[in-house]
Each structure stands twice: as C-alpha cells, then as structure tokens.
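Protein chains in written order, with my numbering: chain A, 2 to 200; chain B, 2 to 200; chain C, 2 to 200; chain D, 2 to 200.
Keep in mind that the hints were calculated from the coordinates and are not lab data.
Do not rely on the hints blindly, as some may be mistaken.
Repeated chains share a single entry, so a pair holds when one copy, or any two copies, can fit it.
As the list claims (entries may be wrong) - With a Cα cut of at most 25 Å, we get these calculated DSS-like pairs of lysine-lysine:
#, residue 1, residue 2
1, LYS148, LYS182
2, LYS4, LYS148
3, LYS140, LYS196
4, LYS119, LYS192
5, LYS44, LYS182
6, LYS182, LYS93
7, LYS41, LYS192
8, LYS119, LYS58
9, LYS44, LYS100
Number of protein chains: 4
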Amino acid sequence: MAKLYFRYGAMNSGKSTSLLQTAHNYKERGMNVIVMKPSKDKKADECIESRLGVNQKVDYLIDEEDSILDIVRALEQVSCILVDEAQFLNPKQVDELLKITIYHDIPVICYGLRTDFKTNGFPGSTRLLEIAHSIEEMKTICRCGSKATFNARFIDNKLVTEGDQVAIDGFGVSYESMCPKCYYRLCDNEKILRKIKGE
Amino acid sequence: MAKLYFRYGAMNSGKSTSLLQTAHNYKERGMNVIVMKPSKDKKADECIESRLGVNQKVDYLIDEEDSILDIVRALEQVSCILVDEAQFLNPKQVDELLKITIYHDIPVICYGLRTDFKTNGFPGSTRLLEIAHSIEEMKTICRCGSKATFNARFIDNKLVTEGDQVAIDGFGVSYESMCPKCYYRLCDNEKILRKIKGE
Amino acid sequence: MAKLYFRYGAMNSGKSTSLLQTAHNYKERGMNVIVMKPSKDKKADECIESRLGVNQKVDYLIDEEDSILDIVRALEQVSCILVDEAQFLNPKQVDELLKITIYHDIPVICYGLRTDFKTNGFPGSTRLLEIAHSIEEMKTICRCGSKATFNARFIDNKLVTEGDQVAIDGFGVSYESMCPKCYYRLCDNEKILRKIKGE
Amino acid sequence: MAKLYFRYGAMNSGKSTSLLQTAHNYKERGMNVIVMKPSKDKKADECIESRLGVNQKVDYLIDEEDSILDIVRALEQVSCILVDEAQFLNPKQVDELLKITIYHDIPVICYGLRTDFKTNGFPGSTRLLEIAHSIEEMKTICRCGSKATFNARFIDNKLVTEGDQVAIDGFGVSYESMCPKCYYRLCDNEKILRKIKGE
Numbered sequence: 002m003a004k005l006y007f008r009y010g011a012m013n014s015g016k017s018t019s020l021l022q023t024a025h026n027y028k029e030r031g032m033n034v035i036v037m038k039p040s041k042d043k044k045a046d047e048c049i050e051s052r053l054g055v056n057q058k059v060d061y062l063i064d065e066e067d068s069i070l071d072i073v074r075a076l077e078q079v080s081c082i083l084v085d086e087a088q089f090l091n092p093k094q095v096d097e098l099l100k101i102t103i104y105h106d107i108p109v110i111c112y113g114l115r116t117d118f119k120t121n122g123f124p125g126s127t128r129l130l131e132i133a134h135s136i137e138e139m140k141t142i143c144r145c146g147s148k149a150t151f152n153a154r155f156i157d158n159k160l161v162t163e164g165d166q167v168a169i170d171g172f173g174v175s176y177e178s179m180c181p182k183c184y185y186r187l188c189d190n191e192k193i194l195r196k197i198k199g200e
Numbered sequence: 002m003a004k005l006y007f008r009y010g011a012m013n014s015g016k017s018t019s020l021l022q023t024a025h026n027y028k029e030r031g032m033n034v035i036v037m038k039p040s041k042d043k044k045a046d047e048c049i050e051s052r053l054g055v056n057q058k059v060d061y062l063i064d065e066e067d068s069i070l071d072i073v074r075a076l077e078q079v080s081c082i083l084v085d086e087a088q089f090l091n092p093k094q095v096d097e098l099l100k101i102t103i104y105h106d107i108p109v110i111c112y113g114l115r116t117d118f119k120t121n122g123f124p125g126s127t128r129l130l131e132i133a134h135s136i137e138e139m140k141t142i143c144r145c146g147s148k149a150t151f152n153a154r155f156i157d158n159k160l161v162t163e164g165d166q167v168a169i170d171g172f173g174v175s176y177e178s179m180c181p182k183c184y185y186r187l188c189d190n191e192k193i194l195r196k197i198k199g200e
Numbered sequence: 002m003a004k005l006y007f008r009y010g011a012m013n014s015g016k017s018t019s020l021l022q023t024a025h026n027y028k029e030r031g032m033n034v035i036v037m038k039p040s041k042d043k044k045a046d047e048c049i050e051s052r053l054g055v056n057q058k059v060d061y062l063i064d065e066e067d068s069i070l071d072i073v074r075a076l077e078q079v080s081c082i083l084v085d086e087a088q089f090l091n092p093k094q095v096d097e098l099l100k101i102t103i104y105h106d107i108p109v110i111c112y113g114l115r116t117d118f119k120t121n122g123f124p125g126s127t128r129l130l131e132i133a134h135s136i137e138e139m140k141t142i143c144r145c146g147s148k149a150t151f152n153a154r155f156i157d158n159k160l161v162t163e164g165d166q167v168a169i170d171g172f173g174v175s176y177e178s179m180c181p182k183c184y185y186r187l188c189d190n191e192k193i194l195r196k197i198k199g200e
Numbered sequence: 002m003a004k005l006y007f008r009y010g011a012m013n014s015g016k017s018t019s020l021l022q023t024a025h026n027y028k029e030r031g032m033n034v035i036v037m038k039p040s041k042d043k044k045a046d047e048c049i050e051s052r053l054g055v056n057q058k059v060d061y062l063i064d065e066e067d068s069i070l071d072i073v074r075a076l077e078q079v080s081c082i083l084v085d086e087a088q089f090l091n092p093k094q095v096d097e098l099l100k101i102t103i104y105h106d107i108p109v110i111c112y113g114l115r116t117d118f119k120t121n122g123f124p125g126s127t128r129l130l131e132i133a134h135s136i137e138e139m140k141t142i143c144r145c146g147s148k149a150t151f152n153a154r155f156i157d158n159k160l161v162t163e164g165d166q167v168a169i170d171g172f173g174v175s176y177e178s179m180c181p182k183c184y185y186r187l188c189d190n191e192k193i194l195r196k197i198k199g200e
C-alpha cells in the first residue's frame, strides 16, 4: 500500500539533497520517478538545487490552480512522486496527493518547511502534518548546537518578526535556522532594544 | 534542555494508557508530575480513563480562557507536565506550553488526535504539529489491518461526513479509527448510496 | 506486507503495558492476537504484568528448544503475534519470527530490553536489532531526568558490574534504568570506593 | 547533553550523502566537525564518496588498534564527530564513542550497514545498535518497491550466501539492497536450482 510521506525540516536541513538522493535511488533501479515543485518557489527557477552542489531540473512546476490528480492521470508507469518546497502547495493539492497514494497506489514523498519566520504554518505543510501517513523530521543544528526547528528572518542582519510570509533570501533578506530557545531569546532582545530606542 | 512533545494518534491508539504509564514512571522516581486536560473534554469528567481499566484524576482542568503559563508559575518543583486530549487546547495555550519548556525548563508531553471525523485538524493539535520539538506517532490498526490515521464518525452505524467538530460518543454516535484507504472508500460508497436513494 | 517490529526500552519503560494495550486494540476489532513470552522469564509465571496493575495470561510460553514456526503452523487465523521479554529468545527463534512475517504474512511485535546490567546485548534483542523491519524505542527517564537507556543492577543497594546476565529482582537484587552518563559516573565512583577500601 | 547516534541503512540508502550534508551544515555555522572512517574500508581510499557525485577527504582513518578517545583528546574545539562505514569499527571503539559523548560532551553521528550479505551483524554496528542513544533508519527501496533492509551479494550475477564478511564490489562481486521477502525468496530459488543441478 502506497503512502504519503512528509519530510519536514528547518531551512538548510538538507531536504533538497535528500530528495535528489531518493530520486537517484529510484532511477538506479530503472524506476520512473517524477520530481515536482510549486511554481511559487522562485529560488532556483525550474531546478532543485542542493547546497552540496548537486542540482536537477524538475519534471513539473505545480501552479496554484493545478490539479495534481489530473497531472498524474496523464502519466504512465510512475513508481514514485517527489515534491520539493511542499509548504507552497495548497491544502486541496495535498488532499490530492493523499488520494494519489490511495487510488493510484503511487508513493508520494514531500519535503518542506513546517513554519515561516513568524512560526506560523504554511498552508501546504500544515495540511501535510494533518493527513500524511508518515511524518519524518530532517534535522539541522542551531547556532547553540541544539536541534533547530524555527526559521528566523533577518533584514540587514536584524531579526524581523513582521512582514509577508514569503520573501526569498537576497537583497538584504537572510534566514537562520534556530532552536525555539535561541529564537525566542533573540525576539525578546529585539523587543527590549526597540523599547530602549523608543521605537 | 526541556522539550515539547506531541504524541498523536487516532482514537483508541492507547494515548491515555501511555499518559498514565508516563505519569507512573515519573512518580515512581519521586518526581512531581502535573496531569492536565482541557475542560472541553467531557468524556470522563475530571478523570483520565484508559480502556485497559486504569484511571486517574487530573490535577488541573484547563478552561478556554486559562493561561497555562500562569498556572505553572503558581506551582513549585514540577518535573513534567502531561496534557491529555490536547487537540482541545487553543493555539495560544500551545504556544505557552512551548514557552514553559524554554523559560521554565519543564518538559511537556501532549497526547491528542490529529484530525476530526472530516479529516480537519483540531486547533490544538495543528499548532502542536507546527511547533512541537518532537512529534511521535501512537499507532493503532484499521479494520483491514493497516495503520489507522483517520477517525470516522457514525450515527446509528451510518458514516457521516457533516456535523459539528465535537460530538462525544454515545446516543447513537460512535467512532472508528480507519486507514485513509478504508475511510475514503466508505465515503465513496455512502455518496453512491445517497445518490441511489435520491438524497 | 506484514512486518517484524522490535520495541525496545530500558526497564520500567512501559513495555508490558504497551503490549497489553496493543493486544486490547486487536481484540476490540475481533481479531485473533497471540501473546507469547519465553519461559526463561520467571517474573510473573505465565502472565504478563503491567506496573499499572493490568495483567493477562500468555497464550504460549516459548521454551529454548521450541520452533515458533511450528507453533504458528498449528494455529489458525492469526492476525498478530505479540512477544514480551523478547530478549530471552534465541537468535534462531528471532529468525523464525521474521520468516513468519514473510511466509505467513502475520505481523509480529516484540518487546524487550536492549542490554543487560553490564551493557551487553541479550541474544534475542541483538538479533532483533539486526533484522527487524522496524525498530522503535519505548522511553523512560533516568534519575537525572534524561532518557534512560541502560539498566543498572544493585545488590543491597550497591551497584554491581559483575555476575550472571539474568537475576530476577528480589532477595536484595534490584534494578534502575539510567542514562549512560549517570550509569558510567556511578561505575567510576564504585571503582574509586573499592580502591579506597583496598578491595 | 551530547548523544551517540547510529544512522543505519542498507547499501545505497544515501548514508554518505547524508554524512556530507551534515558535515556541510556544521561547517556553514563555522563549527569544527571531524570526519572519520575505519581504514578497513578500502572503497574510496581516504575519501567519502556519495553516489550523487560529491566527495570529501576524511580527517582521520581509524585503524583496528586505534583508541578514538586518544585521538579526540589530541584535538581541540570539536563540535561534532562523524563516522562513515561504522560497521567496521570494533566494539571497544564504539564504547569509546559513547564515552566521548559523556566525558567530552561531543555529539557523535555514525553511519553504517546493519548486516552483511548473510544477514549477520557487523561488530561495529551490532554494538552501536546496543548502546547508541538514538537509532535512526536511512531508507532505500527494494526491486519490488518495498523498503530494503538486507544486502544481497552476487558473484557474476548469481546470489551467494557463503564467503567472507567483507568483499568490496568489483571483479564480479556486486550487491543489491533487498527487502527480507525478496531476499529469502531469492535464497529459496537458488537452493532449488542448486538441487536440480545436483550441486
């Protein structure tokens, strides 16, 4: 019985590397693996890029209005579907992925962030956390050495806790994976600094 | 470093038993463990009841407007906080539980359902899935022998897919833990039956 | 496809409770579950006893020379096999359990200790760790609040690091689950004390 | 508190890729990570090679008679130790790795195979399974699409079940990761074929 997997992790936990490795494992076996990502992800155009230097073109860019069930119905002999940046899917598309495992018996493995820089869930990942057959964590470390689970956003190296959910890094925007303890302490410090400055 | 754990599972996966066992393990060590549940859970009044026949009075019933941080500040020497039926917490209370692990260094272990009978998340569990340090699954089986992850609601032994999120079993209402495959097949069958009957 | 599961944990981590809960889950569904344990375990005669106060008679006591495959061939309509104190199985019996999942398509769930009071593996659990489809940890806490993974033996409240692998508690013998850090520190202290006393 | 992790997986499950990604994550943070492997592994000389095309020189080749505790005492400011092909360590060296986490507070992450082509444990991995704080599985697929946990050896494309524990692939020797079901079925078939041929 095919399953829907959600492999979540903070930024820079190696999600894309793991996806590319899994794709490689299937291809080595001569199996047909389909790699997708939501078009909302502007980071690497039509590619999946690992920070280790490996990259691959995606087979399909999923638009907001796409039905993934329709896409899969048009394909033949699919052994596995891999989805990167799955936090950008909409909940309806996640429901479709579950149905693909049930009605088409194709395993689906999604990789994505759990939460944004304000610790709020993304539509795709929250739905995946709710209905995936299996939830698996990809680990990375905080600056303190603990496991990082949050993603802090910085503008010109200053922590920000307000703004749009999506802002791709570059042009002064950067991100850092943090453990909840370091994240909240930094938030507390920023608040005190703003108070001192009378902001 | 204390952590926030979410142990989720479908109905009848043994969540209350596991909570009572964990409470027992702490108490055996002479440690002070606080057992809570949201007052929204009407099932066993002020008790936590395991289907194995074991039960225990809770130390604190959490109301919708309660601040769990305030409760914990009033307590002394707490080694661990256990929360049953955590799906009924509100998201703010879950954020407080995370802060208890950070600022008070007390581990918090929550037990709860992931989703309701319509496969929608509960406010408390969705927030726990988003921010808990660690997410652990409690397993149970579907009628087909596969792992059950969904909770189907029946009224007079007929599957229902509409109604309020909460309806405690009894008076014709019952629940069954199911795998997604059996759940969706049963939904499909019900739809066809309703169509045939012209409902 | 049926699987062989090994749920390991230190002493007093709730293994028997979890086994009894799992048995209950199957029986509630009207499924036939077989509960076994090696006869080498003298603790509760022919029973499985949970520290929560629940207990149940086993269906089969496995002797050292028994073939579990032969036992299973003699049974009909088995939905699941549960084995408590699986550390006392011999490696050949563990291999048979794997074959039961393959040739009879019956899931097998084993509960047991990983290591003895000297941190050496038990024959049954080492083989289970090597070949089980799935290895799952049952957690309990050390006196320091960390996760306990080792089992320290005490005679008249004094740590011992030599003796037979099996010595059931009672008559001065007791056990305590410990994290590796507390366990090794206690060993170090005992060595120093013995040196001071000239032992 | 630092921990000893064992990430085990069948051949070609992406263990080296995961190790290189973890090393990258630490280095990106400016942390000092030490990469080791047993010199018994002849596969890539002094390198760790991922099938994705990434590779890195190891910092230390561990010989059979080496004390890893002595090596670590000579180093300064180590944030993490990564060990590839950890199945080739001897049990004493694994005990030392646990002690490094306890006495030096340095996390140690080991990657390795669970079992050889005869399903027997390797000395290093069996000891890691017994005492690691945390055991994590790296997954790959069998030819049938199920999870592979065994490693079958082939000589000139014929399954073999006898021979030395270590034989690096090449010169007619090859390996295939398999699920227990496919592995045992292939063993059964080979036995029948040998019988027919009168071998």
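To test your reading of the hints: which numbers does this structure violate?
3, 5, 7, 8, 9
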